[in-house]
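Produce the entire structure from the sequences given, and follow the hints as far as they go.
Letter by letter, the chains look like this.
2 protein chains.
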Amino acid sequence: MTDIVIAGIGQTEVGEHWEIGLRDLAFAAIKDAIKDSGGLKPQTLFAGNMLAPNLSKQAHVGVLLADYAGLNGIEAVAIEAAGASGGAALRQGYLAVASGMVDVALVVGVEKFTDIVGPGVEEALSTTSDSDFEAVQGMTTTAQAALLMKRYMHEYQVPADGFGGFALTAHANGVANKNAMFRKAIKPEAYSKAEMVSEPINMFDIAPNADGAAALVLTRRDLLPSNFKNPLVKVAGSAAASDTLALHDRKDMLYFDTAQISAGKAMKQAGLTLDQINFFEYHDAFSIYAALSLEAVGFAIKGKGWRLAADNEIGLKGRIPCATMGGMKARGFPGGAAGVYQAVEAVIQLRGQAETNQIQDAKFGLVQSLGGPASTAVSHILQKMD
Amino acid sequence: MTDIVIAGIGQTEVGEHWEIGLRDLAFAAIKDAIKDSGGLKPQTLFAGNMLAPNLSKQAHVGVLLADYAGLNGIEAVAIEAAGASGGAALRQGYLAVASGMVDVALVVGVEKFTDIVGPGVEEALSTTSDSDFEAVQGMTTTAQAALLMKRYMHEYQVPADGFGGFALTAHANGVANKNAMFRKAIKPEAYSKAEMVSEPINMFDIAPNADGAAALVLTRRDLLPSNFKNPLVKVAGSAAASDTLALHDRKDMLYFDTAQISAGKAMKQAGLTLDQINFFEYHDAFSIYAALSLEAVGFAIKGKGWRLAADNEIGLKGRIPCATMGGMKARGFPGGAAGVYQAVEAVIQLRGQAETNQIQDAKFGLVQSLGGPASTAVSHILQKMD
Chain W
0 MTDIVIAGIG QTEVGEHWEI GLRDLAFAAI KDAIKDSGGL KPQTLFAGNM
50 LAPNLSKQAH VGVLLADYAG LNGIEAVAIE AAGASGGAAL RQGYLAVASG
100 MVDVALVVGV EKFTDIVGPG VEEALSTTSD SDFEAVQGMT TTAQAALLMK
150 RYMHEYQVPA DGFGGFALTA HANGVANKNA MFRKAIKPEA YSKAEMVSEP
200 INMFDIAPNA DGAAALVLTR RDLLPSNFKN PLVKVAGSAA ASDTLALHDR
250 KDMLYFDTAQ ISAGKAMKQA GLTLDQINFF EYHDAFSIYA ALSLEAVGFA
300 IKGKGWRLAA DNEIGLKGRI PCATMGGMKA RGFPGGAAGV YQAVEAVIQL
350 RGQAETNQIQ DAKFGLVQSL GGPASTAVSH ILQKMD
Chain E
0 MTDIVIAGIG QTEVGEHWEI GLRDLAFAAI KDAIKDSGGL KPQTLFAGNM
50 LAPNLSKQAH VGVLLADYAG LNGIEAVAIE AAGASGGAAL RQGYLAVASG
100 MVDVALVVGV EKFTDIVGPG VEEALSTTSD SDFEAVQGMT TTAQAALLMK
150 RYMHEYQVPA DGFGGFALTA HANGVANKNA MFRKAIKPEA YSKAEMVSEP
200 INMFDIAPNA DGAAALVLTR RDLLPSNFKN PLVKVAGSAA ASDTLALHDR
250 KDMLYFDTAQ ISAGKAMKQA GLTLDQINFF EYHDAFSIYA ALSLEAVGFA
300 IKGKGWRLAA DNEIGLKGRI PCATMGGMKA RGFPGGAAGV YQAVEAVIQL
350 RGQAETNQIQ DAKFGLVQSL GGPASTAVSH ILQKMD
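Residue numbers (numbering that gives the first Met the number 0), protein chains in the order written: chain W, 0 to 385; chain E, 0 to 385.
These are calculated hints, taken from the structure and not from any lab test. The reader is advised that the hints may include incorrect statements.
Just so you know, same-sequence chains aren't split out, so a pair can sit in one copy or run between any two.
[Said to hold, decoys possible] No farther apart than 30 angstroms at their CA atoms in a straight line, the calculated lysine-lysine pairs in the BS3-like style are these:
| hint | residue 1 | residue 2 |
| --- | --- | --- |
| 1 | Lys264 | Lys34 |
| 2 | Lys264 | Lys233 |
| 3 | Lys30 | Lys250 |
Okay, structure coming up:
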């Protein structure tokens, strides 16, 4: 099979975009991605979106985005897998191009948390958990992550400020990312003194819900336009897995099976071992998710993921750089767009365009998008081509 | 490329299933489809669902269904394209198998209109139209179809009972379908005397919202199990297209561009001309949609689609049999499951298992799933293999 490359990338600033809607946000990212690809013409649009049917009272988002972007006539569909919707949309785009039936696929992630016309954000987010056995009890996704974190801290005797390293790294990396929601580094004292959101999760253990859109143009290498100028990045591995929707149904809730399975499959496809991965864009919607992801993928043994952050092993010059452009914590968490932002940022790293955040000699990046407490995980290996 | 076949089919009775939920409904169809396939093991689940995030307060439906069906670990994702969600899920399943990355794909369509815990049905359905320019005006999808039908009747001088043939055919074909919601034939007088829902749409011009689930197992021909006993049916063509989301943005609202484009592409892929199609499972959520689909695909010239029904050309022995198992009108309209039901019914026809509803010597079936007023259209050509 011919190589499938990410030919174009686009992203909007992440934040509170009170003045513009879902379609405008997406269009900004689409326009940039198509331009960046050298003007490729997409035949199919995959829209990664998590909550628009509730938050914005808008379903049928695939067509909405294609229509507003002036791409009338093309195939368009919405892909939903909770917080992993963006990663899942990338996976569908990849499969479509791999099938040989689609030459150019446009992957767009978009979410709008402000200007809610539907129910509140917490109620909307709860639809991604098990409605009959979790949401109906009033458990929010944050409360669930708090229970998970509390259990982890108890099992592995983690000190109260043990998770601080995740926020410190994310905020340090966000400073130079002009699309990040928060561009201010924080000190360890800030973490220690932070107010609780849902104990033990404090305001630095949770990524901010935010508006944003990001886009990718995928095509086969042989179809790149002659004016294509960027360093080439290909999708070397792609895989996804599911776990129980309800957290209480798992044998071991402190191990993210899907993160392990999907990353393992993606690495196998790429022909890689873990030590060849130069950076990891993990799904740090909560710092406990980041710790569990590091363990599941294999960068730390069980119970020691938090130590990688505490020991600054996840910094730009650490053993395994993570959240290299600020992650969800500092860049912000734009729901179904989050997974697409991760891929866009990985492409920037692999192109060598990350400026002060550049990982030296980055050749392989692992990008992982989670839905709920890893009920879904989608993993991609992106590779700089020679 | 090796042939991609539909190895297994499953469906539940369509109706009001007050006693069971989304996951139970889907499981019944999944179980039957896997059994029917000879026990193939799906690696990926594509869930076609239209409104669960609103009606059932349940997003992340792909994982919910995989989990409840005991398929833990497999890839699972939800596919949404309004009323075309089922057809779009089939298309994603097809692309996944065609990619060579997935050997066995499970396509499940499911919808639950009863037991609403979210907003009302009309409000939920309205999320599939343009929320900023259509739904916000209070226009329901039925009211929109009524405006379309009224314009059609005016332009082409259609008599008041001109659309009756669609309902007559659907109800006649539904009698022998044990999964149909309505299994009673109707007389022309019943149509003429039917109460108005949204003038000129009467209760026989609109398909009933209903609960239901249907499933398909797709694989490559060379991967069929040795105990596979059913006549082989392959996907010979697959295509999708999008139009403006808002009806008022079209140059000609009385022509379903997407129905034409997607059917044309699917037929081209299959190497077929229109006269080779033995039956057409159209998207008769409203009888005006059926008429416009017949015209767009090319079975009738513009303005004459209704005459095919009036002249009984769409009956089982007509020129182009449609809605052969009752269509959405008599089988019922289970939202995101509708497109999967259409494919299941087409497979039954092509296997020669349709009993009293059997189309003689059926070799090629066109299955078309619409989202909104053909804002999305997904078309598949299914073929009986020799």
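Results of checking the hints against the structure:
Taking the shortest alpha-carbon separations for Lys264 and Lys34, only the inter-copy value of 28 angstroms comes in at or below 30 angstroms, while the best intra-copy value is 32 angstroms. In the homo-oligomer, the alpha carbons of Lys264 and Lys233 lie at most 30 angstroms apart both inside one protomer (17 angstroms) and across protomers (29 angstroms), since each shortest distance falls under that limit. Within a single copy, Lys30 and Lys250 get their C-alpha atoms only as close as 45 angstroms, which misses the 30 angstroms cut-off; across copies the closest is 24 angstroms, which meets it.
Consistency note: the structure conflicts with none of the earlier hints.
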